[in-house]
Structure formats: C-alpha cells, structure tokens
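Construct all of the structure, not just a fragment, from the sequences and the given hints.
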Amino acid sequence: AQSVTQPDIHITVSEGASLELRCNYSYGATPYLFWYVQSPGQGLQLLLKYFSGDTLVQGIKGFEAEFKRSQSSFNLRKPSVHWSDAAEYFCAVVTGSSNTGKLIFGQGTTLQVKP
Amino acid sequence: ETGVTQSPTHLIKTRGQQVTLRCSSQSGHNTVSWYQQALGQGPQFIFQYYREEENGRGNFPPRFSGLQFPNYSSELNVNALELDDSALYLCASSLVLGYGYTFGSGTRLTVV
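Chains as they are written, first to last, in my numbering: chain A, 1 to 115; chain B, 116 to 227.
Think of the hints as simulated: they come from the structure by calculation, not from any bench.
Given the structure is predicted, the values throughout are model-derived calculations rather than measurements.
Careful, some of the hints might be misleading.
Said to hold, decoys possible - The calculated label-pair distances, taken between Cβ atoms and stated as ranges, are:
1. Pro123(B) <-> Gln112(A): 28 to 34 Å
2. Glu15(A) <-> Arg166(B): 29 to 35 Å
3. Arg130(B) <-> Ile9(A): 27 to 33 Å
4. Arg137(B) <-> Gln107(A): 24 to 30 Å
5. Gln107(A) <-> Leu198(B): 19 to 25 Å
What the hints assert, rightly or not - Calculated from the model, a selection of chain B residues having no Cβ within reach of chain A, i.e. all distances over 12 Å:
6. Leu126
7. Thr129
8. Gly131
9. Ser180
What the hints assert, rightly or not - Short, incomplete list of chain B residues facing chain A, as computed with Cβ under 7 Å:
10. Pro158
11. Phe160
12. Ala202
13. Leu205
14. Phe218
15. Gly219
Idealized CB from N, CA, C, for every residue including glycine.
So this is what it looks like as structure tokens:
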C-alpha cells in the first residue's frame, strides 16, 4: 500500500540555523509529491510540489526539496530558519489514477524554533 | 482569486446527532475532496467529487456522505456522530484531477 513516512515527529532548531525535514514514500509508479505547512488551528498551505523534471524544486518562503528516486525520499530544506517557520509540516503523495488522485499524508513533523 | 472557504469554523455536537459542513471551492476548480485530521495526525482522505460525482473514497463508513453542487461547492454530512469523529475537517479543491490542491482553513468539530 502507498504510504508516506516522516521519521521525525518533533524537531527543534535555532533561529538562523539550517533545516532538513525528512520524508520517505512508498509508491510503485512515478510519484507526485507535496510539502504542506500548517500553523496551529489553520488549514494547509502548499510549500512546493514535484511532478516531474528537475529533482530540486523551489517553493515559497525560501524552502526547497529534492526528489531522490533511488532513496524514495523527498526531503525539505531551508538554509536559514526564521522564528515564523515554527509550524507543523506534512509531506504527501498523490496516489491513484489521474481521475481519482488522492493525497496520502505523513504523520507530520512539528518544528520548534529557538531564539 | 478567491481561496477555499469552509463553514462553520467551529462546531460542537452531541453524540448521535447529524452534522453538515460546507465548502466553497476556489474559483474555477471542479474537483473537491474532504479530509479528516485528528489531533496530532496527518489528514486522512474521506472522499472526492468531480463534476458532482463521487470518484474516490477512503476508509470511512457510509455515515460519512457528501454532495457537490453545480457551482462546485460541496457539503460533508456525518450521521450518528461518534466521539471519535471529533477532528478538524479540511476541504480541498483542484482544477486538474489529482494535482495542486488548495486547502481551506477547516472546520473544527467537537463531539461530546
């Protein structure tokens, strides 16, 4: 069955430090991958997505992610974290056919930023 | 462009009651899907509608049902509410099936 694993439930980084959030997926075909961010009590905001082409994708708020097929990974990175980046981050993959695609989410990673 | 709007934002219901949640899709989007997010979990797919027809369903019982209207807005109905139905319910819309979902801010349902 298709699945998404985010190995780190909680990560704490200092403001200004670099960040990498891990995501591994299990999916037989070419995956369509997403990273979403969720602030407390809010909906999901799309950070970036990978459909095809260049395996390094740029997103909003200075985030980027790299698709590595050999490792079934789609890790999210940011070179310098800001206090406003504290939130819940979800990796997701679209499964199913082009007619019924649905998002399968990981369990999420909570990011805490220390001053 | 308008985003996805959901109503109400918060709701408290009693076990056994029925509830209807509403979603207005982003302008031009013809696909809407619903997700349930329990506290501390990732969202779980409930079902999806494309041009008023259900075309995908997750592992949820039949008491979870939905509608999509000609203007592509949508409703999620839950009958015989259980305590475990307490969650954030998220609506997402898309223009091309399977890609680029835009999420609303959700409805927080509490069942007591």
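**Asked** Does the claim that Thr129(B) lies off the interface hold, with its Cβ farther than 12 Å from every Cβ of chain A?
**Response** holds, 23 Å
**Message:** For the restraint on Pro158(B), tell me whether the closest CB of chain A is nearer than 7 Å.
**Reply:** The hint holds - Pro158(B) has a Cβ within 7 Å of chain A, the shortest such distance being about 5 Å.
**Item:** Restraint check, 7 Å cut-off on beta carbons, for Leu205(B) near chain A
**Value:** Result: holds, 6 Å to nearest chain A Cβ.
**Supplied contact hint for Ala202(B), tested at 7 Å Cβ to chain A** = violated, 13 Å
**Non-interface claim for Ser180(B) versus chain A (Cβ beyond 12 Å)** = Check passes; 17 Å lies beyond 12 Å.
**Request:** Hint says 29 to 35 Å; check whether the CB-CB distance for Glu15(A) and Arg166(B) agrees.
**Result:** Because 47 Å falls outside the window, the suggested range is violated.
**Item:** Gln107(A) and Arg137(B) - C-beta distance against the hinted 24 to 30 Å
**Value:** With a Cβ separation near 28 Å, Arg137(B) and Gln107(A) satisfy 24 to 30 Å, so the hint holds.
**Item:** Given as non-interface: Gly131(B), partner chain A, CB spacing beyond 12 Å
**Value:** Nearest chain A Cβ is 27 Å from Gly131(B), so the label holds.
**Request:** Take a look at whether the Cβ-Cβ distance between Pro123(B) and Gln112(A) falls inside 28 to 34 Å.
**Result:** Because 31 Å falls inside the window, the suggested range holds.
**Per-residue hint verdict: Gly219(B), partner chain A, C-beta under 7 Å** = holds, 5 Å
**Prompt:** Regarding the assertion that Leu126(B) does not contact chain A, is the least Cβ-Cβ distance greater than 12 Å?
**Reply:** Holds, since 14 Å exceeds 12 Å.
**Asked** Taking the CB of Gln107(A) and the CB of Leu198(B), does the distance hold inside 19 to 25 Å?
**Response** holds, 22 Å
Violated hints, listed in ascending order, are 2 and 12; each of the other numbered hints is respected by the structure.
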